[in-house]
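J.: So the protein sequences, as listed, match chains U and X.
Each number in this note's numbering corresponds to the 1-based position in the first sequence with 159 added.
Each number in this note's numbering corresponds to the 1-based position in the second sequence with 9 added.
For the record, the hints were derived by calculation from the structure and aren't laboratory data.
C-beta: ideal position from N, C-alpha, C; glycine also.
Below, a sample of chain U positions facing chain X; criterion: calculated Cβ distance under 10 Å:
| id | residue |
| --- | --- |
| 1 | Gly275 |
| 2 | Arg344 |
| 3 | Ala348 |
| 4 | Ile414 |
| 5 | Phe447 |
| 6 | Ile483 |
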Amino acid sequence: MKIHEAEARELLARAGLPVPDAEVATTPADARAIAERLFAQGASQVVIKAQVLVGGRGKAGGVKLAATATDAEATAAAILELTIKELPVRRVLVAPAATILREIYLAALIDRSTRGVLVMASAAGGMEIEEVAAKDPSAIVREVAHPHGGLLPFQARRLGFGIGLRGELLKQFCAIAAGLVKVARESDADLVEVNPLAVVQAPDVPGGERLICLDAKVTLDDSALDRHPTAAVWRDADSEDPIDREAREQGISYIRLDGSIGCMVNGAGLAMTTLDLVTRAGGRPANFLDIGGGARADKVAAAMRIILADSGVKAILVNIFGGITRGDEVAKGLIEARAQQERVVPMVVRIVGTRAAEAAILLREGGFETANSLDEAAEKAVALAAAGGGR
Amino acid sequence: MSILVDQHTRLVVQGLTGREGGFHAGQMAAYGTKIVAGVTPGRGGEMGLDGTVPVFDTVREAVEKTGANTSCIFVPAAGAADAIAEAAASGVTTIFCITEGIPVHDMVGALAVVQQYGAHLIGPNCPGATTPGVNGLGTKVGIIPASIHLPGDVGVVSRSGTLTYEAVQSMTDAGIGQSTCLGIGGDPIIGTTFRDALELFAADPATRALVLIGEIGGSAEEEAAAWAGEHLKHLPRVAFIAGRAAPEGRRMGHAGAIVSGASGRAADKIAALEAAGFKVAASPTELPRLLIEAGYTKR
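Isolated chain X, as found in the complex (with noise of 0.2 Å):
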């Protein structure tokens, strides 16, 4: 079991004939991922991916021919909002969107969209999912480098991309696999929180113990370690947050950090995490111990 990707998985991608979005099919298709579909306004009838991946101009014609259930998106930034929206309302229940650089108020309303068809979305400007499988395959939806997985029982959620990538394959270079790594992304809106993220994993039967990886800035570290210690007493968990030499107020205009609450910095999310009953690491090369000073037993 996993969250979000797994052998059900049959993925349209959104941008196939893009440079970005032929490369990463190509490297998701290796990895085992079933990609039954491509979309490009005006290209529809080609065949993509070296000929072996049908072209349509519009998501409802990929769903309806092919049954695609997930989408990922590699569509430039000035459009990427619009695909988010589409494959929403074309009855697609799960999406990854890769492109960063998206409009903030364009995802204001794709995000209204997508809470409408009731879909999950996962980014903007995400790695996307992998759930390891067998044999060095499984499934994988976006960017991340297949080779840093290794199977296993450990869920693992991220707002960063290459740090987890970091984090991973310390885990996997300690022998300690993963059910599925999830990068949320780190726009400031987003679909998939934290929180939603911890709620998916609580109810995966094969997740035994969870790595959260934040950042410093707003507050859904803390609204994720609010739910997790009421909710998730039973499964081991570490985190890491990254930021914490970072100089303050180098991002947001003045009036964004009193509604985002304690300001964001790392000290308030490390404070807020430990109180939850995470044991959090100064280096991500410390997960792994940390995660077996949590009760974490490799299977």
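For reference, chain U alone in the conformation it holds in the complex (with noise of 0.2 Å):
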């Protein structure tokens, strides 16, 4: 789950990381209250910020710069009329504006190929990461942390020499490279990422610079929700579509494309492979669904529903291979399913596996079109899409 970097934000204070002196602001007066707080404690201009799950709001005309709390209102007002990339924004940040001397790459995250917790840092922060390993991945440092002692102090120095950080700010890195590994495993995150990690003027401690996290980026391990109430209601429903909801809260794995034809499968090796079956047969999948192991007639029934709420679906296609799940709880599910839905699309229905004679006697009583293999239950669907008007 990706949170807001408000929230993210508020993840590194917690653990005592140096972040910006910012605030919340939901409407155009907060937001002008809270500069004029900044500007008293000596903010020479703040930078409003639109709270949106999406990557390029700077272009969008989401960060603004003011110099005055007038100023500051006005463009909060702007701000907060904001649609960026279909997303409506509804909170904005306000920071103080830094002076920025450089800017580091710094981020902890959950890594397959060394199955830890992978500590990256660049000199060239600001950019995106990806761009930086494209052009020159020597620029790139790594460190896996240890496994229950978090990142070690020598770890920590070894980054932070191998972006050419020396005395008063190589200490302050170490702190904060440590504190990012930290606040990945207390707060079970796959990824934190701060970009950038400003360099900022600092005339009140020794070597006269500061580091600073400007900006933050954290996703949060789905597992892991249950035991973190409190990010739970970090879940950004307007980022989050009603089908997509319905879906998650049913234990469902949904994915909407754009294609014509709705998929129901059981398992996401076999949902994938289904997708391309129907892909190569010359259709064009509408979603990608997996029930999960071990789904009732209900849960089928709701996935049907989830699959027709796409006005794109033309036909359906329903393949399980019955392990955990019961290939007659299946055929139950669907027959409930059709029962219900206000909507009659061509069906296919394959169902192999555990209780697949009990199935196959369900479906036949039913009257539904099914097949044998997986290729010709592909093949299938597509005619049926085809003959629906659909590819």
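Hints given; two lone chains; assemble the complex.
T.: This is the structure we're talking about:
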């Protein structure tokens, strides 16, 4: 689950990491009050940042500077009117503008290959890390945190030296790098990315420079949300489609695509394979849908509602290989769903494995079109969709 | 012969007294797997599986009293990583974790304990492994339906569950039997990788051909392909990769893609496998034919 910059900032702040003295506003008047406070504390300018879960908000006009409280109010009003990549802006973050000397990239993330928490740093902050990796892979330094001890001090030093830091900044960097790993572990985050980690002027510290986490991106592990009740309320309802929400609440894994053949499958690998074979047979899948293991009739009916909510669906392919899932339960669910559904769409059903014989009897009695092999099912579904004007 | 599970497997089921654990233990026992113990903390002293299997509070006790050498974990997600660590620290050498939805940071810690004790972990979120035997019996650990198997000499390794069943069924239908079928699980962090599995199969004299079933995401297939190209020249090998038509970028945060290398697309994986001498199928139903084309002969 992605969370907004404002909440990511809060996670870093709770861990004692240096973040801007920012606050969230939902109205222009609130933005003005926050700006007044920041100016009173010595800010020369404030930055107003739209809180939306998409990239490119700066280009879309969602990040603006303001030099006075009145200016801040007007700017916040304008940004709160915006819709960025179809997402309405409901909140802005108001922060003191920083004078940036240099930008660093720093991230802690779960890495499949090393099977641990990987920490990556680069002196080329401010740009996308993929860009850095493509241009100059040697500019990125990496350490895998200790599985129980977190990022150890020598590892943090190696990263800091690796991107050319010395003295006071190195010390600050080491504390922040270890802190990101701590945040990742304690918040169950897949990704904690600070970009930029900015070097700013700080007359009050030795060396006259200081590091600050100017922007942060955090993704939380969906499997661990149960043990973070505060994080669960951070789910952005605006960025979630109602159908996606129903699927999530039903425990169904659903991704909408733009084709005409609705697919209902058990198991992610088999679901992907079903999409592949529909595509190979000349059709276009309308969705990825995995009903999971052991689905009962009511879950099958819910999956059918989710598929049919997409008006582009002209045919449905049901492909079930029973293991934990019982074929007869799926057949009952399909019969139940058909009795309830408002829109009639042709369907081809393939059920093999556990209780397939019982399922076959139910399907035959119900008059369902069936298929034996997966290839045959895909071809039939494509033909049915074509007959219905889809492809 | 086979890999990981066979007639010497002495299985402890962690979570035997639960609904899933109890049901699948019954299925495993019916197929011929020797289940010697169950573990449920607080339920020690009871008898599970219709009164035939002793239940212990700790895995250590189960190992000491029954000689269990393999574990199958059905413990709910919140406690499953701890169950893995307990099994490894108690002398179990082969650990299958069926549980799905384990928080990924928990797995980082559990895997370190597994490595410390030198155990083999398969999964989590995997269907387990089956070594088919004669007369419809054999050894299975996990949840793979017994009915799809035929004893033989083709090793199968897969990241998926039901897709594996599909592929194995198509082999069985074509009269091609399996030495061992292994599902390694689809989570971001797993114990046994494709490469580890290929190494195990390569050392098994009873395995005369290989089937690898991969998916988009990560770079485990590419890493396995690179190893296979060097070391498996003597074995006919075929593969299937799911997700050719899947949209990109729907699962991981953006920094994930670069550390995993070539970005995990199906086309990259297929190219890597073909370069390593695998024949890659466009549908699981083509696997039996491709095995024959790759030089495999039924015995």
